[in-house]
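> Using the sequences provided together with the hints, build the complete structure.
2 protein chains.
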Amino acid sequence: MNDNLNNLLAQLHDIAGEGNVFGHGEIDSRYRVDWTAGDVGQPVAVVRPRSTQEVSEVLSLCSRLGQAVVTQGGRTGMVRGGTARRGELIVSTELLNAIEEIDPSAAVMRLQAGVPLQKAQAAAAEAELSLPMDLGARGSATIGGMIATNAGGNRVVRYGMTRDSVLGLEVVLADGSILESLQPFVKNNAGYDLKHLFIGSEGTLGLVTRAVLRLRPPNRSQSVALCGVESLEQATGMLRYMEGCMGGQVTAFEVMWNSFYVAVSKLPGAPCPLPLHYPVYVLIESLGADPSTDVVRFERALSAALDTGALADAVIAGSGREAHDIWRVRDSIGELLARMKAFAPFDVSLPVGEIAAFVGEVSQHLAASVPGRDALFFGHLGDNNLHIVVELESATEAHPVEQLVYGLLRGRLNSVSAEHGIGLLKRDYLSYSRSVPEIELMRRLKGLLDPRNILNPGRIVSLSGTATTEGETYGSWTIV
Amino acid sequence: MNDNLNNLLAQLHDIAGEGNVFGHGEIDSRYRVDWTAGDVGQPVAVVRPRSTQEVSEVLSLCSRLGQAVVTQGGRTGMVRGGTARRGELIVSTELLNAIEEIDPSAAVMRLQAGVPLQKAQAAAAEAELSLPMDLGARGSATIGGMIATNAGGNRVVRYGMTRDSVLGLEVVLADGSILESLQPFVKNNAGYDLKHLFIGSEGTLGLVTRAVLRLRPPNRSQSVALCGVESLEQATGMLRYMEGCMGGQVTAFEVMWNSFYVAVSKLPGAPCPLPLHYPVYVLIESLGADPSTDVVRFERALSAALDTGALADAVIAGSGREAHDIWRVRDSIGELLARMKAFAPFDVSLPVGEIAAFVGEVSQHLAASVPGRDALFFGHLGDNNLHIVVELESATEAHPVEQLVYGLLRGRLNSVSAEHGIGLLKRDYLSYSRSVPEIELMRRLKGLLDPRNILNPGRIVSLSGTATTEGETYGSWTIV
Numbered sequence: 155m156n157d158n159l160n161n162l163l164a165q166l167h168d169i170a171g172e173g174n175v176f177g178h179g180e181i182d183s184r185y186r187v188d189w190t191a192g193d194v195g196q197p198v199a200v201v202r203p204r205s206t207q208e209v210s211e212v213l214s215l216c217s218r219l220g221q222a223v224v225t226q227g228g229r230t231g232m233v234r235g236g237t238a239r240r241g242e243l244i245v246s247t248e249l250l251n252a253i254e255e256i257d258p259s260a261a262v263m264r265l266q267a268g269v270p271l272q273k274a275q276a277a278a279a280e281a282e283l284s285l286p287m288d289l290g291a292r293g294s295a296t297i298g299g300m301i302a303t304n305a306g307g308n309r310v311v312r313y314g315m316t317r318d319s320v321l322g323l324e325v326v327l328a329d330g331s332i333l334e335s336l337q338p339f340v341k342n343n344a345g346y347d348l349k350h351l352f353i354g355s356e357g358t359l360g361l362v363t364r365a366v367l368r369l370r371p372p373n374r375s376q377s378v379a380l381c382g383v384e385s386l387e388q389a390t391g392m393l394r395y396m397e398g399c400m401g402g403q404v405t406a407f408e409v410m411w412n413s414f415y416v417a418v419s420k421l422p423g424a425p426c427p428l429p430l431h432y433p434v435y436v437l438i439e440s441l442g443a444d445p446s447t448d449v450v451r452f453e454r455a456l457s458a459a460l461d462t463g464a465l466a467d468a469v470i471a472g473s474g475r476e477a478h479d480i481w482r483v484r485d486s487i488g489e490l491l492a493r494m495k496a497f498a499p500f501d502v503s504l505p506v507g508e509i510a511a512f513v514g515e516v517s518q519h520l521a522a523s524v525p526g527r528d529a530l531f532f533g534h535l536g537d538n539n540l541h542i543v544v545e546l547e548s549a550t551e552a553h554p555v556e557q558l559v560y561g562l563l564r565g566r567l568n569s570v571s572a573e574h575g576i577g578l579l580k581r582d583y584l585s586y587s588r589s590v591p592e593i594e595l596m597r598r599l600k601g602l603l604d605p606r607n608i609l610n611p612g613r614i615v616s617l618s619g620t621a622t623t624e625g626e627t628y629g630s631w632t633i634v
Numbered sequence: 155m156n157d158n159l160n161n162l163l164a165q166l167h168d169i170a171g172e173g174n175v176f177g178h179g180e181i182d183s184r185y186r187v188d189w190t191a192g193d194v195g196q197p198v199a200v201v202r203p204r205s206t207q208e209v210s211e212v213l214s215l216c217s218r219l220g221q222a223v224v225t226q227g228g229r230t231g232m233v234r235g236g237t238a239r240r241g242e243l244i245v246s247t248e249l250l251n252a253i254e255e256i257d258p259s260a261a262v263m264r265l266q267a268g269v270p271l272q273k274a275q276a277a278a279a280e281a282e283l284s285l286p287m288d289l290g291a292r293g294s295a296t297i298g299g300m301i302a303t304n305a306g307g308n309r310v311v312r313y314g315m316t317r318d319s320v321l322g323l324e325v326v327l328a329d330g331s332i333l334e335s336l337q338p339f340v341k342n343n344a345g346y347d348l349k350h351l352f353i354g355s356e357g358t359l360g361l362v363t364r365a366v367l368r369l370r371p372p373n374r375s376q377s378v379a380l381c382g383v384e385s386l387e388q389a390t391g392m393l394r395y396m397e398g399c400m401g402g403q404v405t406a407f408e409v410m411w412n413s414f415y416v417a418v419s420k421l422p423g424a425p426c427p428l429p430l431h432y433p434v435y436v437l438i439e440s441l442g443a444d445p446s447t448d449v450v451r452f453e454r455a456l457s458a459a460l461d462t463g464a465l466a467d468a469v470i471a472g473s474g475r476e477a478h479d480i481w482r483v484r485d486s487i488g489e490l491l492a493r494m495k496a497f498a499p500f501d502v503s504l505p506v507g508e509i510a511a512f513v514g515e516v517s518q519h520l521a522a523s524v525p526g527r528d529a530l531f532f533g534h535l536g537d538n539n540l541h542i543v544v545e546l547e548s549a550t551e552a553h554p555v556e557q558l559v560y561g562l563l564r565g566r567l568n569s570v571s572a573e574h575g576i577g578l579l580k581r582d583y584l585s586y587s588r589s590v591p592e593i594e595l596m597r598r599l600k601g602l603l604d605p606r607n608i609l610n611p612g613r614i615v616s617l618s619g620t621a622t623t624e625g626e627t628y629g630s631w632t633i634v
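So the sequences go chain by chain: W and G.
For what it's worth, this note's numbering labels the leading residue of the first sequence as 155, then goes sequentially.
For what it's worth, this note's numbering labels the leading residue of the second sequence as 155, then goes sequentially.
Just so you know, these hints were derived from the structure itself, not from any lab.
Being a predicted model, the structure only gives us computed values, none of them experimental.
Treat the hints with caution; some may be incorrect.
[What the hints assert, rightly or not] Listed next, the stretches of chain W that the computed footprint assigns to chain G, with coverage defined by at least 3 CB atoms under 8 Å from CB atoms of chain G:
| hint | segment |
| --- | --- |
| 1 | 259 to 265 |
| 2 | 309 to 318 |
| 3 | 331 to 342 |
| 4 | 359 to 373 |
| 5 | 580 to 588 |
[Claimed, not checked] Beta-carbon label-pair distances, calculated as ranges:
| hint | chain 1 | residue 1 | chain 2 | residue 2 | range |
| --- | --- | --- | --- | --- | --- |
| 6 | G | Arg184 | W | Ala252 | 54 to 60 Å |
| 7 | G | Glu387 | W | Glu180 | 51 to 57 Å |
| 8 | W | Asp461 | G | Pro445 | 36 to 42 Å |
| 9 | G | Glu387 | W | His478 | 37 to 43 Å |
| 10 | G | Gly565 | W | Ser446 | 43 to 49 Å |
| 11 | G | Ser446 | W | Ser294 | 41 to 47 Å |
| 12 | G | Ala458 | W | Arg493 | 49 to 55 Å |
Just so it is clear, CB atoms sit at the ideal spot from N, CA and C, and this is done for glycine as well.
Next comes the structure, spelled out in structure tokens:
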């Protein structure tokens, strides 16, 4: 261990206390994994600040030393944005886990960045309100991580992205200064709305330490159906139709292509109530306030759609248990992935009207270049968001498959990341979605806010002359 | 006319054509007014570009010449953000008025910045969709102006601010470069979401030329009630209760204090169906999809609230005509203002739980310092947004009244502008709501994006060494 490192560790000890700094040999394995990879990177150390003030002192120190930092929340990211590269210091938010205040009459919650989503949801429910942010990783994903990545999830069609639930934010800037904007207001046009600069910036412009979230009234009725349709166009029609019928209460509209449904049907105890021959399946959920009329309205709308042929087939959940079983079809993606040796995941946006053609083209090209592999297509149709998972024999196949899929995307209006973010894994493809002036402005903002490039360096965009100690080698990735 | 000015005019002619450039003596009076003032400022000229490319050429020219520019949309702003100061060039978006595309299956609309709101709403309705952005100035306010100011309105509690309806944006930067981010996606995490930097920046960071807006399903049922309650606390309880009952369909929750209602009742043909003695009145609107059950649900919810004493009194509109009459109570504010010699308007946010005490304090202090004047209190309770209008004998009284009201606000979490923006009129009070680090970051962003300070200079924050030709003298304002 060299003198510089000893010096860094000693100063971190002074800031955060002995028990909250781990040198290279003492780093628990949990700090070295995320949802895309096992033991990755070689952090110099881990520090767990106990307060915003300690975060400020840590960043001030790192800024003086030119020490690169990576912020870690729940480590459930998909783009290698929160794991350390060689020589980086991990700043974990796990001790910043207090829910500071819930005001039921104002329907707001103030909390620290390291609070896991599920804990925040439970606290809102206890106050007879609801935090609409939701995703599969709710047990581990932190509020800070979700804000930093502007996380999506299954309810975006109704409640928006994480950005839409954030009223106030506290951020520590690269030089250690604290930017506190914790106003709990729906409306605030007093100058630039600075929080939006940090939301979705993946920790590259500042480190989120606290937030004020907007809570919603609780939902008392749940209606869930699984439907079979003849085409994606028919599914799109159903989305607009159901939104019109349910008056803003459609909470999820999840589309699954035939190959996805067939793959789920092969799982042990498969929860597949519809026959296997429909080209497209749709899970529709509507949450409302009045169990006595909401469910009837939902059934009537679907029944009318069956009568007119707008829908080929449908099963409606008759109980909470059946609703859960229908959701299991969509949620089986985790089990399908666990059974693959390796896979390449995609999370793209494109105009609704072009999704069907794009799925067709990708299928055709994959069949030619990696024949015999499963390709699963599914997504959040109401949000333009298409997920694709391509089964691989090994991680070495990932790069050509990425080239293929992103290459087909490139000719269209597109986003290479609808919700997962860019991180390291998609950085080479950012220019497929963003123009040169857009990327140049991103670089200038990064340069303004983090001139020494110490905050999650190399994620989203790379700058020259950085503090990064490892070369820019993360063009691709490994599955373990 | 000096040579520099002749040179500017000649070059503007070359860019936008003779008929679209007006020199000092040829400027129509409409370019010199907004909703706070009549003939103000002394613009050097007006130019009306016909395309994004022409806007780019105009800004490129002004950037080279160090010529200050003010962008004008519908001139219905309330903070003197869109009227020219001496020596500024007015860039009017009035010829950028095309609705370029509506895609009903994707529920999106692409349009130019100068389109008036009402025209955009009508186009959405023709496609059997709805553009939820709405405010009183819909006939003249432009989409670009609403985006630049992140305009609010009456439906924010359900649909959010203008920001929440913007999917894609095209902006011309100070140097004339065009930043096109017109993706029509609900989800797009491909790098920093740059559009949020420009939305609500009041034209100081870039000039909005085009946008993609998100459309919503149309509403088919309308329920409107006017209620009397005993206190603001009871009104807050009703808000949470009605949100819970109506499952996300509450579209407006407008609070009016007794003095507002009494003032309306004195207007000729006053539409006041409730007695005059309630401390607080609330207009509740719920828009839904199913006329057969929504109205019953709304009535049942209010009837139960009357039974439990959560509500003191209520009238429910039995027809569209009656709904219109109830809305007239709230909309009478325009007529009340027209009858005042002068007035000081406020548009603030503060925590819901502190609004009642704040209203009490302001009333008490006003009674002492400007006795006998009407002070009207009303607002959008669901959005923390309190409006105050103080009647004045003349505009010279405005400054001390501002000092009084903002002074009482200062000790609380607050926003001096919930929805109107800062412009010139509230710039001196920005520091009451924003901390030194926040304002400093605003300045640095302005410096990064507009280093010569040519875009709406002096609005929101002032920079030293600017291109502004007039001194920073707009601390107060005049009524005409």
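> Of the numbered hints stated previously, which ones are contradicted by the structure, given in increasing order?
8
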